[in-house]
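**Q** The lines below spell out each chain.
2 protein chains.
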Amino acid sequence: MDNFSQILNQQWQKELFLCVGLDSDFQKIPEEFRKLPVAEGLFQFNRAIVDATAEYCAAYKPNSAFYEGYGLAGLEALIKTNAFIREKYPNHLIILDAKRADIGNTNLGYAKAAFDILQAHSITVHPYLGQEALAPFLEDRDHGVFVLCHTSNPGAGEFQELKINNQDLYKIVATRVDQEWNGNQNCGLVVGATYPEHLGEVRKLAPNLPFLIPGIGAQGGDLERTVINGLDRNGTGIIVNASRSIIYASSGLDFSTAAAREAKLLNESIRKIARENGFGRKVE
Amino acid sequence: MDNFSQILNQQWQKELFLCVGLDSDFQKIPEEFRKLPVAEGLFQFNRAIVDATAEYCAAYKPNSAFYEGYGLAGLEALIKTNAFIREKYPNHLIILDAKRADIGNTNLGYAKAAFDILQAHSITVHPYLGQEALAPFLEDRDHGVFVLCHTSNPGAGEFQELKINNQDLYKIVATRVDQEWNGNQNCGLVVGATYPEHLGEVRKLAPNLPFLIPGIGAQGGDLERTVINGLDRNGTGIIVNASRSIIYASSGLDFSTAAAREAKLLNESIRKIARENGFGRKVE
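Protein sequences appear in the order of chains A and B. Count the first sequence with numbering that gives the first Met the number 0 and you get residues 0 to 283, in order. Count the second sequence with numbering that gives the first Met the number 0 and you get residues 0 to 283, in order.
In case anyone wonders, no lab produced these hints; they're calculated from the structure. It should be emphasised that the depicted structure is a prediction, and the values quoted were computed from it without experimental measurement. Keep in mind that the hints are not guaranteed to be accurate.
Note: identical chains are not told apart, hence a pair may lie in one copy or across any two.
[To be verified] Under the rule of at most 27 angstroms between Cα atoms (straight-line distance), these lysine-lysine pairs were calculated in the DSSO-like manner:
no., residue 1, residue 2
1, Lys-34, Lys-111
2, Lys-263, Lys-203
3, Lys-34, Lys-13
4, Lys-27, Lys-203
5, Lys-162, Lys-203
6, Lys-27, Lys-111
7, Lys-162, Lys-87
8, Lys-263, Lys-79
9, Lys-27, Lys-13
10, Lys-79, Lys-111
11, Lys-271, Lys-13
This is chain A alone, in the form it adopts within the complex:
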């Protein structure tokens, strides 16, 4: 199965809401992997993390920057990681967190990289160039497009909270994506857990879009408010990402069991809040 929405819906029906962020940095992975060449060390670390956490998560989100920083070796590690997930865990969604966006057909190169070479099911993109520029992504029915809406960083508001006729820019982005960009049912929004009030506002404006929610874990977002504010009317609709708090849960020999424990705990916490707030109402 290869369709973005189908995979997501199946994972939600299994009460899997967690996304494990594969922000794997060669300098930070356990020593045993740092003895290997970069491509192999990064890949083997990722494989161990994926094997340990697959039972407890819906998706994996490698952030392209961490791999690009290692050049050819990094790209090789990323290609192998995604191929491994596709092969062994075909029901898990791969979100390439690449935050791309160029104009028109130039995006075909990025789409080819993300979906053909890296075999991701979906990608994150910047909204600044508008819908017309993103056509190569939006017209591809099978692959998901997570548009940056309100990001998790401290300075996110500089432009995202500018007011247009009394409405914040991020809200305009949310409404546009929900009502105009989503003709192929392949859009989602990136909304940070570090701004749970804003997350709730975005849910009101985009009742049916999947949300990719970074900012839980190391960035300190409040899980309960995040989940309650993010859930849609079916008690689903959210993919909550944690990266460092899972993949670096331990730097010792127990790194994979520690990652499994953190992932299990976090997905169970989300599941509990979701059950108390509408999950199962419509999904049977």
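Position chain B against the provided structure of chain A, taking the given hints into account.
**A** For chain B alone, coordinates are given in the frame of chain A:
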């Protein structure tokens, strides 16, 4: 010499304003190169284009998407192309058109890829996440940061022309970058030639920032209005990019002489307009 502003200023003093966009697509390059493996074919095509045009341009701008679409081979071609330019044409500016932007330290991976691995002098970035997110780029004094301001695509206005207290978003971006982000004198703006009026507005708001101006050539921007509206008070300040109209000027055996002719013509046209509109007033 390795400093972004120094290189730019030296090129302007030589009356070089043109940037050749290395949007090299393996499917579109002359047949002799398509007989080679992708990495080698793309690199050798680029090398021939660079050798043919270096005399007539200030800068090269490879667009990352075209290379990423070919995976490891594309990345290898891009690494080799930039290394070649650095070695043989050290006075030419390399602008990596990658349109990146992630949050905080994640950008370190992109900066490492752009400046260490790919050896670019500067990069294009999205403004949506704000100044705080872009610190890893902005704090790097030697490397340039071209912030997308008003892009050249037909749908650029969807968000960029939204009004905040009667002022378009792209103008707010221009003012912020000019007055707040440019503490290290390493910022520039991307302003499309397809909107020459807006280009003039941006010049008023950002009198001293270098402009990277795409949209001339295949996209059809008006050269004279673009140059007049883009020039700063010294009659410099602009890097006018053309990609397809130069690199694909001919698909035959004469592709490099055709590219040289187009590049020479275009830089001479810009030079003429610049001389008539202030160039040389302050620069001696």
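**Q** Under the constraints set out in the numbered hints, which ones does this structure not fulfil?
**A** 2, 3, 4, 7, 9
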